[in-house]
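Asks: Each chain, letter by letter, is given below.
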Amino acid sequence: MDAEAAKYIGAGLATLGMIGAGVGVGTIFGHFLAGATRNPSAAGGQFTNLILGAALTEALGILAFVLGLLILFS
Amino acid sequence: MADPMHQFEIQKVVDLPSFTLPGVGAIDMSITNSTVAMLAAATLVILFFAVTTAKAAVVPGRLQVIGEGVFSYIDDLVVGIIGHEGRKFFPYIFTVFMFILAMNMLGLFLVFTATSQLAVTASLAVMTILIVIIYGVMRNGANMYKLFVPSGIPWYMLILVTPIEILSFLLRPVTLALRLFGNMLGGHVALKVFAGFVVSLGALAATGGVATLGYVAAALSLGGVVALTALEFLVAFLQAFVFAVLACVYLNDVVNLGHHH
Chain C
1 MDAEAAKYIG AGLATLGMIG AGVGVGTIFG HFLAGATRNP SAAGGQFTNL
51 ILGAALTEAL GILAFVLGLL ILFS
Chain X
1 MADPMHQFEI QKVVDLPSFT LPGVGAIDMS ITNSTVAMLA AATLVILFFA
51 VTTAKAAVVP GRLQVIGEGV FSYIDDLVVG IIGHEGRKFF PYIFTVFMFI
101 LAMNMLGLFL VFTATSQLAV TASLAVMTIL IVIIYGVMRN GANMYKLFVP
151 SGIPWYMLIL VTPIEILSFL LRPVTLALRL FGNMLGGHVA LKVFAGFVVS
201 LGALAATGGV ATLGYVAAAL SLGGVVALTA LEFLVAFLQA FVFAVLACVY
251 LNDVVNLGHH H
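Going line by line, the protein sequences match chains C and X. With the first letter of the first sequence counted as 1, position 74 gets the number 74 in the numbering used here; the numbers rise by one all the way through. With the first letter of the second sequence counted as 1, position 84 gets the number 84 in the numbering used here; the numbers rise by one all the way through.
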């Protein structure tokens, strides 16, 4: 296989890591909504925790994205 | 299609002579478009607070309410996470939040986003983690090891947990820098790709025949650009907020080491 082609395939495969981050962020927001609809008065106070969890999960997806960029541009 | 990565290229605006630092080598001191974007962001923040606090009164006017609103929003955040001792970190957290927010927002209005440069986000992340480490050692001294040795678990588990804690601590500045960088870079690339679709599909549709259907796809991508721009405004705020929250959480680890409140 051409080295250039392998590079593009590799970059594409590296972005598959974002699947996990997508599932994780979806779980966080889904569970937040489930909890918020049960007890709406407690929902506002958990906004910081919600964003914190989403940010920490998303970081792993961003790592996959950066890895894809590294393969593509180095 | 136009190159979507072109917008991130550094271009020199004012050429200045390079400065040689012993042991490091030559450092290019030229003013680039990245420097200009950061200066514009800093000026914008200063102007914002100069205007909103120009006629400060006990009963705030309309502008003063905006300024005080931003101020108390971050103040509540810092005190909420760190506690009253966190007040001394408020100036740093607030400065970083406003600076990142201004850079993100300017990136959506102007041509260049300073936060899409890894050098900028890495500097902010390294600065934050250095404050965490230096303040932690100053305050806790040798007790800093408790950061990596959680209390209340059996000793044989520590063999497994301590390396993981050390690794996760070392990864903190890396993820802090990459999160902001990746979000901004990814968002702007997606915007440019969709905007490129509008032009290339429009050009294809102009050839006539069946290709005329390309106008529909071009209109759909135009709608996509509008929706993505709206999303990017949310992301621009959220990433500045996330940076501030994480800086608070990391500071909380060393300020309230060993006791939870």
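Hints in this document: simulated from the structure, not taken from any laboratory. Please read these numbers as outputs of a predicted model, since none were measured by experiment. Some clues are possibly wrong.
Stated by the list, open to error - Among the chain X residues that face chain C by a calculated CB cut under 10 Å, a handful are:
no.	residue
1	LEU77
2	ILE164
3	ILE166
4	LEU167
5	LEU170
6	GLY186
7	PHE197
8	VAL198
As the list claims (entries may be wrong) - Below are the SDA-like pairs computed for lysine to any residue, each with C-alpha atoms no more than 20 Å apart in a straight line:
no.	chain 1	residue 1	chain 2	residue 2
9	X	LYS88	X	ARG139
10	X	LYS192	C	VAL66
11	X	LYS192	C	GLY68
12	X	LYS192	C	THR15
13	C	LYS7	C	GLY53
14	X	LYS192	C	GLY12
15	X	LYS192	C	LEU72
16	X	LYS12	X	ASN33
17	X	LYS146	X	GLY136
18	X	LYS88	X	LEU106
19	C	LYS7	X	LYS88
20	X	LYS146	X	LEU257
21	C	LYS7	X	GLY136
22	C	LYS7	X	LYS146
Cβ atoms here follow ideal geometry from the backbone N, Cα and C, with glycine treated the same way.
Asks: For the hint on X/ILE166, just tell me whether its beta-carbon gets within less than 10 Å of chain C.
Replies: Cβ of X/ILE166 sits 18 Å from chain C, so the hint is violated.
Asks: Take the C-alpha atoms of X/LYS192 and C/GLY12, compute the straight-line distance between them, and say whether it is at most 20 Å.
Replies: holds (19 Å)
Asks: Tell me if the straight-line CA distance from X/LYS12 to X/ASN33 falls inside 20 Å.
Replies: holds (6 Å)
Asks: Taking only the CA atoms, is the gap from X/LYS192 to C/GLY68 under or equal to 20 Å?
Replies: holds (18 Å)
Asks: Straight-line Cα separation of X/LYS88 and X/LEU106 no greater than 20 Å?
Replies: The hint is violated at about 29 Å.
Asks: Regarding the pair X/LYS146 and X/LEU257, is the alpha-carbon distance no greater than 20 Å?
Replies: Distance ~7 Å between X/LYS146 and X/LEU257 Cα, so the pair holds.
Asks: Against chain C, with CB atoms and a cut of 10 Å, does the hint on X/LEU170 hold up?
Replies: Hint violated; X/LEU170 Cβ to chain C Cβ min 14 Å, cut 10 Å.
Asks: Does X/LYS192 pair with C/LEU72 here, judged by a C-alpha cut-off of 20 Å?
Replies: Holds. X/LYS192 to C/LEU72 sits at ~18 Å (cutoff 20 Å).
Asks: Within a Cα-Cα threshold of 20 Å, do X/LYS192 and C/THR15 meet the stated pairing?
Replies: Given pair X/LYS192, C/THR15 holds - Cα atoms ~19 Å apart, limit 20 Å.
Asks: For C/LYS7 and X/GLY136, compute the direct alpha-carbon distance and say whether it is at most 20 Å.
Replies: violated (43 Å)
Asks: Would the hint on X/LEU167 be counted as holding, given a Cβ-Cβ threshold of 10 Å to chain C?
Replies: violated (14 Å)
Asks: Classify the hint on X/VAL198 as holds or violated, based on whether any CB of chain C lies nearer than 10 Å to its CB.
Replies: violated (24 Å)
Violated hints, listed in ascending order, are 2, 3, 4, 5, 7, 8, 13, 18, 19, 21, 22; each of the other numbered hints is respected by the structure.
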